[in-house]
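Visitor: Quick mapping for you: the protein sequence lines, in order, are chains A and B. Here our numbering is used: the first residue of the first sequence is 1, the next is one more, and so on. Here our numbering is used: the first residue of the second sequence is 1, the next is one more, and so on.
It is possible that part of the hints are untrue.
Unchecked claim - Only pairs whose alpha carbons sit at most 30 Å apart, straight line, appear in this in silico DSS-like list of lysine-lysine:
{"hint": "1", "chain 1": "A", "residue 1": "K305", "chain 2": "A", "residue 2": "K25"}
{"hint": "2", "chain 1": "A", "residue 1": "K305", "chain 2": "B", "residue 2": "K247"}
{"hint": "3", "chain 1": "A", "residue 1": "K305", "chain 2": "B", "residue 2": "K120"}
{"hint": "4", "chain 1": "A", "residue 1": "K25", "chain 2": "B", "residue 2": "K7"}
{"hint": "5", "chain 1": "B", "residue 1": "K7", "chain 2": "A", "residue 2": "K152"}
{"hint": "6", "chain 1": "B", "residue 1": "K289", "chain 2": "A", "residue 2": "K152"}
{"hint": "7", "chain 1": "B", "residue 1": "K7", "chain 2": "A", "residue 2": "K226"}
{"hint": "8", "chain 1": "A", "residue 1": "K168", "chain 2": "B", "residue 2": "K120"}
{"hint": "9", "chain 1": "B", "residue 1": "K416", "chain 2": "B", "residue 2": "K289"}
Derived by calculation from the structure, the hints in this document are not laboratory data.
Read off the chains here:
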Amino acid sequence: MSASALTQRTAPPALTAERPVEWPKRTVRTLANGMQVVLAESHTFPKMSAHLYFRSGNAAVARTAPGLAEITATVVRTGTASRPSRQIEEDLRRMGAGLGTTAGADSSSISAGGLAEFSSGILDLIADLARNASFPADEFERERRQRLEELKIERTTPGFLASERLRKVLFGAHPYAIVAPTEEQVAGFRREQIEDFYRHHYTPSNALLIAVGDFSADAMMEQVEKTFGAWKAPQPASVASPAPPRQSGRRVHLVHMPGNVQTQVLLGNIAITRRDPDWYRIILANSIYGGAFHSRLVLNIREQKGYTYSPGSGVNALRQQGYFTVRAAVRNDVAAATLTEIFYEMDRMRSLPVTPEELDSARSYLSGVFSLGVATQDGLLGQLATVYLDQLPEDYLESYRGKIRALTADDVLAAARRHFDSANAQIVLVGDRAQIGEQAALFGPVTEYDAQGRSI
Amino acid sequence: MNPAPKKLHIPVEHTTLANGLRVVASPDRSAPVVTVGVYYQIGFRLEPRGRSGFAHLFEHMMFQGSENAGKMEHIRLVNSSGGMLNGTTNYDITNYFEAVPSNALERVLWLEADRMRALKVDDENLRNQRDVVKEEVRVNVMNQPYGGFPWLDLPPVAFRNWPNAHNFYGDFADLDAATLADVQTFFRTYYAPNNAVLLMLGDFEPAEAFALAKRYFENIPAGALPPRADVTEPPQTEERHGEVAEKLGPLPAIAIGYTLPPRETPDWYAAAILDRVLHGGRAGRVYRKLVLEDQIAVDVDGNADVFDTNGPTQMVTRIFHKPEFTSEGTVAVFDEVIEELQNKGVAPEELDPVKVKFRSDYYSMLEGGMGSYMPRFGLMHYLACFTLFDGDPGRVNTILDGFLAVTPEQVQAVAKKYLVPRNRAVLVRRPVNPGGAQ
Chain A
1 MSASALTQRT APPALTAERP VEWPKRTVRT LANGMQVVLA ESHTFPKMSA
51 HLYFRSGNAA VARTAPGLAE ITATVVRTGT ASRPSRQIEE DLRRMGAGLG
101 TTAGADSSSI SAGGLAEFSS GILDLIADLA RNASFPADEF ERERRQRLEE
151 LKIERTTPGF LASERLRKVL FGAHPYAIVA PTEEQVAGFR REQIEDFYRH
201 HYTPSNALLI AVGDFSADAM MEQVEKTFGA WKAPQPASVA SPAPPRQSGR
251 RVHLVHMPGN VQTQVLLGNI AITRRDPDWY RIILANSIYG GAFHSRLVLN
301 IREQKGYTYS PGSGVNALRQ QGYFTVRAAV RNDVAAATLT EIFYEMDRMR
351 SLPVTPEELD SARSYLSGVF SLGVATQDGL LGQLATVYLD QLPEDYLESY
401 RGKIRALTAD DVLAAARRHF DSANAQIVLV GDRAQIGEQA ALFGPVTEYD
451 AQGRSI
Chain B
1 MNPAPKKLHI PVEHTTLANG LRVVASPDRS APVVTVGVYY QIGFRLEPRG
51 RSGFAHLFEH MMFQGSENAG KMEHIRLVNS SGGMLNGTTN YDITNYFEAV
101 PSNALERVLW LEADRMRALK VDDENLRNQR DVVKEEVRVN VMNQPYGGFP
151 WLDLPPVAFR NWPNAHNFYG DFADLDAATL ADVQTFFRTY YAPNNAVLLM
201 LGDFEPAEAF ALAKRYFENI PAGALPPRAD VTEPPQTEER HGEVAEKLGP
251 LPAIAIGYTL PPRETPDWYA AAILDRVLHG GRAGRVYRKL VLEDQIAVDV
301 DGNADVFDTN GPTQMVTRIF HKPEFTSEGT VAVFDEVIEE LQNKGVAPEE
351 LDPVKVKFRS DYYSMLEGGM GSYMPRFGLM HYLACFTLFD GDPGRVNTIL
401 DGFLAVTPEQ VQAVAKKYLV PRNRAVLVRR PVNPGGAQ
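Same shape as in the complex, but just chain B:
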């Protein structure tokens, strides 16, 4: 009943078109479905100063009309082909993706090429989507308990360089100031084929898929990319603190962020495993201590987004604690967990299962990652990140080895080096009405 562990091998083929567009294909004929994505190497970290929230507002504009597919046509054509679509804005990337029955592959490529070639939007579209984005901010942040906690609250406390430290959803005044000229400039600057990767996954013959990609995308002119903005942080010398009022929720919430080692360094692998020792569900050390043993907190979780960021990033712990405890006292107990790890390290008996779970979670992410209506979203996402950040989509089959090779000594060393006050920020979301309305 328990066969030996299988080593997963994902087929990956890739090429670069004459205009610089990278194209990655991963065939899988097990179901008549394809997932297609276009990832642009632009996220909210790199949006123009004085235009907070612009990268995300712009993402909405990409659904408003292109040369041959007017407003709502893109959406209608995907839906009426039997597919789902969406887009998201992240720190370093913005993605557009759809899952469709495999007979719609060519149509979807045509649609993505059309909006990479020419955005065709007007002032009315911009006004409309500005209103929609404001309601998005209200429903997700302003009118929601713990809205924006801590992804909007923590970066301004943790970082000093504007690209890392501003309001990513955008101040309403900045959204209002955005013009159609800004939209077209942003499009010309960052939405060039040589700043993107096209991904095709699922039910197709790779040769045919590459031919279609070439047919629809290769004659889109390359752009002159600006030099990459400097997102480095000045050295941090002491712990940083911030506090934000929680207008709706009754419990105090704390976010503790430690800045991670740079991508693809040995410490980065060890930090990702360290994160799973501390977090990673109820067996994680922080949940066990604060929720199960000391019962100070009602809920604890945390994570380090190691795969899909390409600049200063934090491992973040989120703690919702009972109102009868102080936030300072709660952080002190959290610190005991960190100190124990630094002083005593981690035994192989604890680390080995953490790595088994890491492998399992990696497979789950590759297979799904965004609900069952977007098959292989995670595979697409990782292939895109490995292509854009590391120049090698084949990393999808090898990167796991680096995490599974991490030793107890490395975990302890990384805990000592990185889990220190001058590398962390603490943000408290303090209820205006502690204990809840009566």
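Bound conformation, chain A alone:
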């Protein structure tokens, strides 16, 4: 829309004076047993949440037992020395609480949230699961079977198949290559392996507890000391990981799903972690490229061309490595056209400085949206988890907006050149090869797989 077209219209009201964002005070302490504790008060709703993280996830065991951290987390909630499964679930309901136990690549977690009036009971339950899980054999078998059925469903889900293949391609021998175990691996899990992972990795010196809610931080810290203070166990040994492979040239990895009515496009390259000095630059560049609704990619392939519903790009930061991705689910006949536009927009980011309007708009977007996180307990807990799990500087929350607002068009250009690796991007397409095989070949050598991950 040109400026002259707007002259007949009413202009939108200017923004009024900004009210400063005040990040809540954190109470941070490392207990004598090595457990790190971070507490923040938030009193608008009579609720609280506590997340207990262990800094070991599936990557820690990828070489020996992929998915072991995940199945451990799944079974951890099914019994302790003093509470059978049913009691755990009923105790939760009595406290108005929900429980999540999960593991990703870098961490495992036991998270519960409920009414603030039950804070101490909720904390006790988390501690019981963290210290006294009993892994009942029948519960383990039931969860194993459920995981097998879930895996079969995942293998029919285009988004899952795309990310599984991209991670394999980008990370090679690095543990991040594996996002899920095979059915055979799940069938092979033994209860002793789970107990072993639990004993070595669910330890206080490997733990971080974050709690946010309607409580007094001092009283809560006392409660935490009482609940976790006597717990002793050593730090797990850390294992070095091989570097991800260096890519040379674009290649296409086609996961064949006969009869699919849409193509899932996912491409990417290795980038950086949150601890890299370029972090702020890359997220600003990403926001202008495809990380926001008003970004170039969304404007191009959704709002102008109508190829897709929810396109986007992202910077995925794991602890040891990060990677940049671009995704779009598109109708089959425009798979090649979509890739052309994705690369056009990527190359434009790498070649020309963004306009002052785009720069200004993206800086305001990132700094504004960041501040929305202060308004809910879950938002705040998520922000704190980022800071303390990734071991970012203590003033990360307070300094983030200022750092974003200081960036220039040159910063964006430099970040795009360094981290949007258009020439060596690895392209994953999930769809029907009869519909998209020829389109795929336009972008590089094509390797084909079936939904089970076998080469075909």
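Given the structure of chain A, go ahead and fit chain B onto it with the hints provided.
Guide: Here is chain B on its own, set in the frame of chain A:
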């Protein structure tokens, strides 16, 4: 460490402008953020016949340009103010909302008023969004295991009156048939200020916020609203069944829906608590029986959308069962759970914790409800529903009492009255390739 339970009180102020627009404000100065929403009392239940999917397609058109904010400008202005935005189409309402730093309140009100006053879209916008919506349907339904299960599958089985029983995402032929004239007619008919409520939540002085609302919205002319369409269902006399092919997923999936009592009746409160006895996570009776004890199912969940519907609605149980069991046998075990509840009722020792969890979930919904980038979405959503359906946003502070007062006797009585075959529909999503591809 365990203080007495606090009774939550949400500040709520409201007024009605001269053009009939209801305005609700709930100030909260704890963070420099505001959430703003406009809810129109039109959803996919009331879209024109022969235009299935139109209410949702229209929702997309509301982002395509208005008198003073052309295509992408609305989105750009919200994003570049540091905010997030979205819209959703529901049975009885369509909503548009944004969360922004509080210094953008006036700008956001200006934007919402601009598109309530005049939509400015052309054929190219319509063609573009029709394509986008088709990809939305493909990514969420046609190319996704269990896509549309059961929110698209069950209503055509459960209901007989077209408003309740048609394809809400829309048949592609109907989407293709939609014209720009349809868009403008729909806009004039349903997007009038007197068919809407404006909500403002968060960091502002109510007097200033009401003054801004008046300044930007009050001179939008009221519309002549059509009489509300008849969404009542003819009496059901026997159990209804349906089956849909599951093209991708390997497991059979079953949805069992019971039609709920009418909104704000004593039975409605009891049914909402009954729902939490049956569902409500792993402690719920259906999960415990089918997943944990008998191990017939891999996953079970269920819910009753009591707050945000204003017409025939079902409590729905969703069951994904192992391929070695039959769907009929699975439903028979589900029926044992229902019969036990009908025959033996529920003890206070079970019901009291269910109500504690209900209260906790209500607070969680008010605080968030749509991820941490949309603070107070749930509060906004409930305030809108209580205003449009019940005429009183203050219900947000009192409605919980009705649920917490439900007795074991009421739960048993409602189970006997409503959980009966002639009030239910059973839908099976049957895999084309059971057990999964090899």
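Visitor: Each hint: holds or not?
Guide: For each hint, the structure was consulted:
Taken as a hint, the K305(A) and K25(A) pair is broken in the structure, with Cα atoms around 47 Å apart against an allowance of 30 Å. About 29 Å separates the Cα atoms of K305(A) and K247(B), which keeps this hinted pair within 30 Å; it holds. At most 30 Å may separate the alpha-carbon atoms for a hinted pair to count; K305(A) and K120(B) meet this at roughly 19 Å. Among the hinted pairs, K25(A) with K7(B) is consistent with the structure: their alpha-carbon atoms are about 26 Å apart, no more than 30 Å.
Pair hint K7(B) plus K152(A) does not hold up; C-alpha atoms about 46 Å apart against a cutoff of 30 Å. As the CA atoms of K289(B) and K152(A) are separated by approximately 23 Å, the hinted pair is consistent with the 30 Å bound. A distance of roughly 29 Å separates the Cα atoms of K7(B) and K226(A); the hinted pair therefore holds under the 30 Å criterion. A distance of roughly 47 Å separates the Cα atoms of K168(A) and K120(B); the hinted pair therefore is violated under the 30 Å criterion.
Distance check on the hinted pair: K416(B) and K289(B) sit about 20 Å apart at the alpha-carbon level, within 30 Å; holds.
Violated hints for the displayed structure, listed by number in ascending order: 1, 5, 8.
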